[in-house]
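Please put together the full structure from these sequences, using the hints given.
What follows is the residue order along each chain.
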Amino acid sequence: MNTEQLLSDIGFIKPEIAIAITLVVIVVVDLIMGKNKKALPYISIAGLVITGLLVIQQFGTSVSVFKTSPSTSLLVIDNFGLYFKIIILLASLFIIFFSMASNEIKSTYARHGEYYTLIFGMILGMFLLSSAVDFILIYLSIELLSLSSYVLAGFVKNSLRNSEASLKYVIYGGVSSGVMLFGISLIYGLTGSTNLYEINSLIQLQNFPVVTLLIAGLFVIVGFGFKISAVPFHFWTPDVYEGAPLPITAYLSVASKAAGFAVLIRFIKITFVDSIDEHGFWQLISVVDWRSIIILLSILTMTLGNFSALWQDNLKRMLAYSSIAHAGYMLLGLAVLSNEGITAIMLYFLIYLFMNLGAFFVVMLIANKIGSEDIDDYKGLGRSIPYLGVSLGIFLVSLIGLPPTAGFIAKIYLFIALVDAKMITLAVIALLNTVVSLYYYVRVLRNLYLVQTEEKRPAIKMSLLNSIILFLLVAPLIIFGIYFTPIVNFAKSSLSIFGF
Amino acid sequence: MHSVPYLSLITFLPILGMIIVLALPKSQSKAIKYVTLLVTGIQVVIAALIMANYNYSLGGVFEESSFQFVEKFKWIYIDGFSWLGKIKIDYFVGIDGISAPLLLLTAIVTFIATISSWKIDKQLKGYFALFLLLDTGMMGVFVALDFFLFYIFWELMLLPMYFLIGIWGGPRREYAAIKFFLYTLLGSIFILLVMIGLYFSTQETLADGTRVFTFNMLSMMNVDNSVASGILSPLNPNNLRFIAYIALFAGFAIKIPMFPFHTWLPDAHVEAPTPISVILAGVLLKMGTYGILRISFPIFPEITEQLAWYIALFGMINIIYGALCAMAQRDFKKMIAYSSVSHMGYVLLGMASLNTMGISGAVLQMFNHGTITAMLFLIVGVLYDRTHTRDMDAFGGVAVKMPVYTGVVTVAFFAAIGLPSLSGFISEAFVFLGAFAVDLIRVLTIISTAGILLGAAYMLWALQRVYLGKLNEKWADLKDLDGREYAMFIPLILIIIFIGVYPSPMLNLMNSSVNTMVKFIADAQTIYNSFAGF
Amino acid sequence: MTESALINIAVAILFLPLLGFAVTLLLGKKVKKIYLFEVFILFLGLAGAIAIAYTKLTSLSDAELVSEFTWINLGNTPLLGEIKINLGIMIDNIAALMMVVVMLISFLVHLFSIEYMRGDPRYNRYFAYLGLFTFSMSGIVLTHNILMMYIFWELVGVSSYLLIGFWFEKKSAADAGKKAFIVNRIGDVGMFLGILMLFTTYHTFTFDEIFAQISQGVLPFNSGFWMSVTGILIFCGAIGKSAQFPLHVWLPDAMEGPTPVSALIHAATMVAAGVYLVVRVFGIMTADALVFIATIGALSALIPATIALTQNDIKKVLAYSTISQLGYMIMSLGVGAFQFAFFHLITHAFFKAGLFLGSGSVIHAMHHEQDIRQMGGLRKKMPITYYTFLLFSLAISGIPLTSGFLSKDGILAGSFAFGTLTGNQFFAIVGFFVALLTAFYMFRMVIITFHGEPRNKEKYEHAHESKAVMTVPLIILAVLSIFIWYTPNPFNPDQGWILSKGINTHEQYIPEETRYDFLVPGEAAVVEGEETGSVMYSESYEEAMHSVHVPTMILSLLMAGLGILLAFVFYQWKKVNVDRLAEKYKPLYNFSLNKWYFDELYDKTAVSGTIGLSRFLGKFDSKVIDGIVNGSASVTKGFSTFIGKFDNIVVDGFVNFAAYLSGFVGLIFRRFQTGKVQTYLVFVLLSVVILLFIFNSF
Amino acid sequence: MIHVGLTHFLVISIVLFALGLYAVITRKNAVMVLMGIELILNSANINFIAFSKFGNFGLQGQLIALFVIILAAAEAAVALAIVLNIYKTVANINVDEIDSLKD
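Protein chains in written order, with our numbering: chain A, 28 to 527; chain B, 85 to 618; chain C, 24 to 721; chain D, 25 to 127.
It is worth saying that the hints were derived from the structure and are not from the lab.
There may be inaccurate statements among the hints.
[To be verified] The calculated label-pair distances, taken between Cβ atoms and stated as ranges, are: (1) A:66 <-> B:99: 40 to 46 Å; (2) C:249 <-> B:148: 42 to 48 Å; (3) C:193 <-> B:100: 55 to 61 Å; (4) D:28 <-> C:709: 31 to 37 Å; (5) C:59 <-> B:469: 34 to 40 Å.
[Said to hold, decoys possible] Computed from the model, here is a short list of chain C residues facing chain B with C-beta under 7 Å: (6) 208; (7) 212; (8) 314; (9) 315.
In this text, a Cβ means the ideal position worked out from N, Cα and C, and glycines have one as well.
Okay, structure coming up:
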């Protein structure tokens, strides 16, 4: 490929470049300023904002860049990817603010340079992941993402919880990415290509040994499943979430999940979809019954997530399981194998972003004060922290999926997709799961408000900034809960995946 | 189409009130109370205005044109799904003869409940905020004509109720609250599923001629709107309408509460603070039966006909079973709670008759039970405030110390027994007259008349155990009613007596709608049978 | 013109007592003398009633004054057609007469109570309740439709409940009130079902419209059988109110109420309402229904009479005699002796009210001592009471020259005639036997109470004749118990105005094949009927009546005489030692003394049955139903160690079972979360392998 | 002189893969576990190279292998750093004893 081609292609990855530049700037500034790290978060925020603008400005384009051959390329820029990039950016933005508020992170003031650098490492990984269409790039970006998050998970060095989390994370992640890589190698062996589109067309043309394809596919899915923490690849999630610093936990639960979903959806859709019928349902290439696999995974995921969450006393851990459960719901949207389902997932993610981050944020602020994430330490706290309490309530209610919060919209949209695909049974299972989830979410509210305690509970003074962040997290849940046209439109318009 | 958006006003006024209450400082307890009182008071006024401007001749039920105070505008309108067409949800409210009485009831009961909330001292800011939120939810359910909107209001009540029981309730309040929450949520997920199913089975034609899926209840009632492929459309030879009906019915039955889904009720009532019990029994229970009338009946008329006998059966069970259980209680409030189970049975029985007298009776019974049972719970509250016990055997001879109060009690109890010249009698008589006229359920009706007897038995027994006999010296210094309590009881008594003596206004209010409903269901048979072919 | 005037008066005297009730109740606390207002209203009522009766009977004897208005109008309904409920009042001779009886006795009782109730803490409220009762009773009398009948039916039930339990501090009183109301309700449920039948068939409640449709041959479910059923169901109401067997148990307990109340409600008027009801709907009573009615009547006449023999509470004796007399009337209706039933209602109203007020005066004098064994010799102390009481006793025993003789004789003749026509003499035999018993127990009471030596000295010392306000009513009633008011001929009432003019009988409307043969008027009867206003009986019946007239008179006189004689032999001249006799026939004696153990029977069966069932269901509900939905408590307990913390959120119940289940599932799941990363990896690999095997099959 | 074909390479890679997993699962010492991961990665590498050689798909395979080697190095570096950190805090790097985080 020639240079001007290359140059023009570079024009399409401005956001990624912006991220990279910010990363470098952070490193440099960190070196120059030495002890004073005040500027770093603001630099990162600026970087994110700029990137955001670039991303938005890219909306509508649908091209494949960095051609490896006339037909194949490494990246595609399409609304689908951009949508997830927006989500990732939003999440990162919030996380920066969280980090500024979190005691844990403050305690590592000296190493803030690394911290933000690593975060941007993650962001870069996720960006590439959400628009990669070549296994090489997919694998590389996953590794990029993982390596940064391994370190971040154990960022607070002197804390055993942190270190243990990161150790588990790195081993677990290492193995799963290894397995994935092995799967990729098999696929490469079968088809002689690592480009999803090419593989797709090849599979359609000649029929490969199913077993090998299945093994390969499963191995790859192990890798993705690890990222989106789908059962049975989820085991790291609770431990790491509990161990990691809270902002990082929040970040993992939203951003890296989002990237994981983006790539998983893209992988399934590009690799195994034959055609799309007029109702927007995907016709799979009939080699392996991926749909059943996904259905199985999704049922396992939400059920296990919810039922295990019942048992948790540590709020962080409970939220970890709840995030697993939500991954399960979203997998349902994928199981539908229809544009409708994908829209549902994307909508769900946007809303999930706010409610989950919100929940973690409140937990963090409370933990900052009372130094515990144990649900039993929340007893009777509600009165002394009116605003935090109420907003936590709203987040949890939204996580349950009750109107008039956006959580309800996310759920109902998912169910609409399911019923539309005549998957009533799945819908019922999901709904029953919702009822189960009520137990543990409400348990928190119960401890906050219903339980009367004698001893005076500490009041928490909120800095203006935190109040604003809290508001920014709560407001959308209510607004979109009542008037959700814009987000649905947004999700819908971002549906177009390159090549279809 | 009225220029004044009465319904939106009456529905969202409490939200405004809630905001004001939240804005007020904790210390301003008086102000908070008065704001709430004012808001609910205005609601009563608006309700009165609505009744004043109500056109008695319009039928409603299934045709939008004959609904009143209709407000309808685009709420959610998402275009350009190649395969799904548009997503369209309207803000669509309006009332007909079936919702109008309940609207009035809600306004009145809420107002009374506010007065009886006066004694609340614990965190009253939160209390009244939630109270008002609940109010909006209830009003909304009764005015919503779009299923989606209906469902939102339906769920909106859950949380406030959970907290109102859970924070201001009795010793086992947490258990009661979560039980209420879970039961109702379980019920509403069925409703949700059916709602989505119906959504995909119904398309309405827009002005520009395009057909689009809709949550509009009225469209769902019209067969012409159903989509052949829809899983709940009668055009679909292997549709799931039957299962859907059961699910929907179960969803509503939990709220009624219908045997055997009733077990949350006694707990919730016993633990809830008095005003909340009043609201719970006075309004919330009605939503179950209202939902059945407003949604199940007209949308699934053919299955309604098929299952009429079973509905009546459950009605009968509720009547007898509830009465007998009530008889067994020592806890005053529990007794009343079970009596509610029994009285809601009459509503079911009346609805099952599917004829004008029966359904009018049912709707009127909803209204009457709302007022009467509200009074009963207030009565328990009055006693509980003074003595802090609800064990009926701990009393005796209260009448000596509180003659006026006992007079009130007598009126309320006899109203509950269905004494002629008090409102309870009219509705029960209508229910029986309607149900007896139907050959199918006549036997069940005859058995149900035992309820008349049992009702008298447990009510009078309670009356005697608590109020008559020798005065239990423990309560030698009981005070009779104070002004605030007069304010709660007198309006209710007047309503009960007025409707008992001259029910025509109420009956006329609902009559044309009930007739329309009956006719609609009767006619639907032939229409739906024609699909039996394929 | 006069019609409308009468209607207006009627409406006025119907609602005046309600006004009295309201005013007296509301002002009772403030104005001490407000009860006088109530009494005054009753006086007006009495005047009005008499005016109505007089004009009605003299000027427009055969007319039937109706005025109605539409109460509820549902218009033309889809499935049921036109639905329109009219309420209104109807004045025919029977109603007019009944109004006089009600108002008169009510007024007298008001007077009597002024003295009797003096010093009661709730003095005014008592009069208020009396007002309520009078209102409801007038409603029953004046209604022109069965729905309104039912409405006021229940209202008298309530006022009776309030008055019986007036001294509610006494548990027995409160119990009695409750019992009365509930037992009545049993009957009312039957009546209500009957009403349902009628409405479902005829879409109206108005008597005349129903009758009209019946005479056109419209029957419930088009069968005579269901017509009879309907009739019997309606009659159930009467069984309850008129305390007929087997629902008679409430009346004796009702004596817990103040004695004037017993006189007004439980002797003269309310309990007679049952008879009045049957009189009203007599037109729809088929032969089968009437036989049923007659049987009930006969039993109710017999059983209480046997019980009254041994009772020692003066009011209890009277109560049982009341039931017995009501039984007479019902029986007489059953055998078709329609007029005499109503005639006896009137006469009985007067002398029984008299008896009660008399006993009231005695009780008042004896400081609320009711046991006749504590009395005796009161004759000298309270002459007026004694002589009036004696007169009433003669009347109830059916001794000539008293009103009682006339009506009772008519009833016996009626049943006798019925016997001769149908060959079933059961009712006649019962009738005569009861006549004997009645005479006996009445005079037993008279003798023990007023004759002989005082048994309780100091009570006797304080005893004294009551004040005029109490004795005057007695005298008035006594006067009214003499034949002359009803007929010139003391031995045959037929020529008396009350039978010839007053009670102009209804015809029957049901198809002729369902009636008694003798209730099918032949041609001649109709011709004759036009003179008497009666178009009811076949001439064969008229003849039978004639033929049995004299024998009946003789027989009944014998019975009454014998009864009185025995009473004197036993108690006055002590020729036979009663106690020895009682010893000798102890079982019989106890059986009678304990009222045939009816209360015990009902307690053991119906009452405890219901209570037991309710207790069971109560448990059932909290344990099983909650259980089924809730999951069995034992399981929950067993695993409570597991559920531990989880219990705090959702204590037991469904919540619990689901909780337990889900919790258990959760437990299984958490076993995997060992915290050892290598174990995790094993699981992952395993699951991948499993997945492989599952999906390899494709 | 036997001819070495694709199968041989594949067999080796499978064996390596299995060994790697075995090491990861069984070894107590964290460093050993990391070694296992390296084995897994390299088994994949062998695949890539073998396929690209025998399946004559061009050089893409070798290319990937290079990338992977680099990444493996990076990963190892990070992992070892973490292990070191653990060792600092608990003076022990036995993977199966580090299980304070669990249900």
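Results of checking the hints against the structure:
Look at residue 66 of chain A against residue 99 of chain B: about 44 Å separates their beta carbons, and that is inside 40 to 46 Å. Look at residue 249 of chain C against residue 148 of chain B: about 46 Å separates their beta carbons, and that is inside 42 to 48 Å. In this structure the supplied range 55 to 61 Å holds for residue 193 of chain C paired with residue 100 of chain B, their Cβ-Cβ distance being about 56 Å. Roughly 34 Å separates the CB atoms of residue 28 of chain D and residue 709 of chain C, a value that falls within the hinted 31 to 37 Å.
The hint said 34 to 40 Å for the Cβ distance between residue 59 of chain C and residue 469 of chain B, and at roughly 39 Å that hint holds. Against a cut-off of 7 Å between C-beta atoms, the interface hint on residue 208 of chain C holds, since the closest Cβ of chain B lies about 5 Å away. For residue 212 of chain C, the interface hint holds, since its Cβ comes within 7 Å of a Cβ in chain B; the closest pair sits about 5 Å apart. Hint status for residue 314 of chain C relative to chain B: violated, with the closest Cβ pair at about 24 Å, above 7 Å.
A cut of 7 Å between beta carbons decides the hint on residue 315 of chain C: the least distance to chain B is about 19 Å, and the hint is violated.
Violated hints for the displayed structure, listed by number in ascending order: 8 and 9.
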